[in-house]
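So the sequences go chain by chain: A and B.
Our numbering puts the first residue of the first sequence at 96, with every later residue one more than the last.
Our numbering puts the first residue of the second sequence at 941, with every later residue one more than the last.
There's no promise every hint is true.
Unchecked claim - Computed footprint of chain B on chain A, listed as stretches where at least three residues anywhere in the stretch have a Cβ under 8 Å from a Cβ of chain B:
#1 224-231
#2 391-398
#3 530-538
#4 542-549
Hints listed in this document are in silico derivations from the structure and should not be mistaken for laboratory results.
Glycine included, C-beta positions come from ideal geometry on N, C-alpha and C.
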Amino acid sequence: MGSTSAENHGTEGVGRRDLIKRSAALGLISVPTMSFLSACASSGGDDSGDKAKAGKKTAKNPLAVNDTAGMEFVLFDGGFGKEYAEDAVKIYEKNFPKASVKFSATQKIQSTLQPRFNQGTPPDLIDNSGAEQMDMGVLAGKNQLTDLTPLLDAPSYDDPGKKVRDTLRPGIVEMGRLDGEKVWILYYAYTVYGVWYSQKALDSLDEQYPETWDQMLAVCEKAKKKGMAGWTYAGKYPYYLPFSLYPMIGKVGGREVLDAIDNLEPNAWKHPAVKACFDAYYELYKKGYVLKGTPGLDHIQSQTAWAEGKALFIPNGSWVENESANVIPEDFDLAVSAPTGIDSSDKMPFGTIWASGGEPFIIPAKAKNAAGGMEQLRIMLSEASSKNFTGKVKSLTAYNGGTDGVTLTPGLKSGVAALDKAGENVVNPRMQDWYVQLQKEKIGVSGLGEMMAGRLTPAEAIKKIQAFADETANDDSIKHYKHQ
Amino acid sequence: MQHGKYRFIVGFLALPLGLYALFVVWPFIQSIYYSFTDWTGLSPEFKMVGFDNYSRMLDDDIFWKSLQHSLLFALLLPVVTIGLALFFAFMINVGGRKRKNGPVITGVRGSSFYKIVYFFPQVLSIAIVALLFAFAYNPDSGALNSLLRGIGLDDVQPLWLGDPDLALWAVMAVLVWSTVGFFVVLFSAGMASIPAEMYEAALLDGANRVTTFFRVTLPLLWDTVQSGWVYMGILALGAESFAVVQIMTTGPGGPDYSTTVMVLYVYQKAFRDGQAAYATTIGVALLVVTLAFAAVVMRLGRRERLEY
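Isolated chain A, as found in the complex (with noise of 0.2 Å):
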């Protein structure tokens, strides 16, 4: 800084040439590789209590929300749109017309709420879904999320006599814990997997849906005479294809066998039902009833070859109704089955379906108004709430029943008729919500995906998903559950 002795720096001078070389190169450099990771930078968030105060509680009001505290609400707006909720909060807002609510829906909900959640201001009700969804393990390991008790516990929206969790479907309060007794997300869809197909088409072969393999094996081969394929899914993301393949292997062997391998448990993948199951689905590939090409087409790629007659089925889940319902032809009539089995050695009857909770809401543990979220969602699980989110989007919700009076499309009327015949038959499998990694690129694409696409066989994949899922079980980085 205005230094009289020059000759200190005489030779290296600064050298503006240089300087400038020397920076743009850094600059040009730096903007592609790292400059994004620090762009969520935790700032360490201060934890003052500037908590809504509880409001007074009444009949009206059991979950004794302020009625003059604001409410913040993200939506994910993906398949189901953002028309439910905003519906929803519009009652919110009547209930408690001195309150405030800041709704917003967002396909980014991670990129969006990364940084709130470092800073320690999230919003008091979020639905953490879609693509960018948020680690759940990671939240409720690090006390991010608010325990739901209170939520089930309250009355419901339309019967004081009962509470909320005993108007939710079958499993979706399970659903919610990760372990433990405390529940951290409320799943607020229903979703129902398997073979998709149309009734019509089928109607065309002269053929009932398949119960046991022999009988799948025959209608595909009549399908290929009539220059049809048997089968097609995702391929680019062939963890589309466990939900019929898992649902079968419990039918197969047992709800224990699924148990196990969400479980994570050594050779768990070494059942003999999942040898006979991968032996299966193989021999559609074989003997060639896969849609030529499958392995290089994505979801909506194989949905729409699906939809136009190429393909006879299709593994899937309840949304394919709505999101396939422009390419869908009028006249598709449909359907949707719980997962051929093997034949009749099999432990648990034809009609065992996996059908599960979808759309996760949570509550953060830094929200300021937890009480207005939670009656947020006790006003989206009223039978008025849910009959119309069924209407707009043609998917169940987790209030049991909620679809008298409301006109149901075939899909979502064959997905009804399923559950009522699966009855207590309805596996859940966890590997999807506790180990996406896993479940998606090593089992699905590095497993199923070559397997299906004829580069593994399956005694192979066995191998290598076991390999995999012994590594997921010794990482420690990774938050390990336990079915209870």
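Dock chain B against chain A, hints included.
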């Protein structure tokens, strides 16, 4: 007379350097700091874990796969892209035959049209390009396989992005397609500034096109080529490879991790698996790779500067 020189310099540079330190250098330091913690990215709490993340990284097969692919991107893409771009630029600007009454040095017929054609992909966002090609690679109804069927090759129906042996090449081809035009234009500009007399002299001496290119054009264009080389390598390591792999390939990350790259792995660890600290560790590795790449290219490419 030296008095006040540094005050002058500091006065001018303080603000930009301050901004640079705050927005470029500081995030670097922060990222490196986080790589020594167990920060999840989802809560403000974390503690120091020393070199745990680094030793974990060295044991991580997927990390090594992604490093391998990233290096392949950084080495191969610039060679192919810049090689093609040099060829195209040469043909457009110099490679034409002499036409009656025309200038001595000229491009091939229709060269101005080609220039537009080559540059066109540059106008499209990389996301759009990736989507377009994802459709073209569709094995069932995509343009490529339809073309193959059209010319009677019914048996040759590759799975493209669904085949672990092809997916990486398919993705690279898209990057070449989308970036080559930029370099054609860059090199064309460089060639335009080479004096025509040099070419005329070479022609009079009986040099053919190949000799002209290697003896005249390339040496005079060397600086531009070198900058282009570094630029392309950084693109291939960073933003562009992320976009195409994320949008186009299976998984994403390709069948059996055949296309996963470092930037994608950073993203997945930070924003899918809730392991932001481990992600910054991979980010640091990526920084090292990028710096090493730039240093190697600068060093290997050092040549005497030709003045003209």
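Comparing the hints with the structure gives:
For the segment 224-231 of chain A, the stated coverage by chain B holds: 3 residues have a C-beta nearer than 8 Å to a C-beta of that chain, and at least 3 were required. Judged by the Cβ-Cβ criterion of 8 Å, the segment 391-398 of chain A is covered by chain B as claimed, because 4 of its residues qualify and three suffice. With 4 residues carrying a beta carbon less than 8 Å from a beta carbon of chain B, the segment 530-538 of chain A meets the three-residue requirement, and the given coverage holds. Evaluation of the coverage hint for the segment 542-549 of chain A: fulfilled, as 3 residues show C-beta separations to chain B shorter than 8 Å, against a requirement of three.
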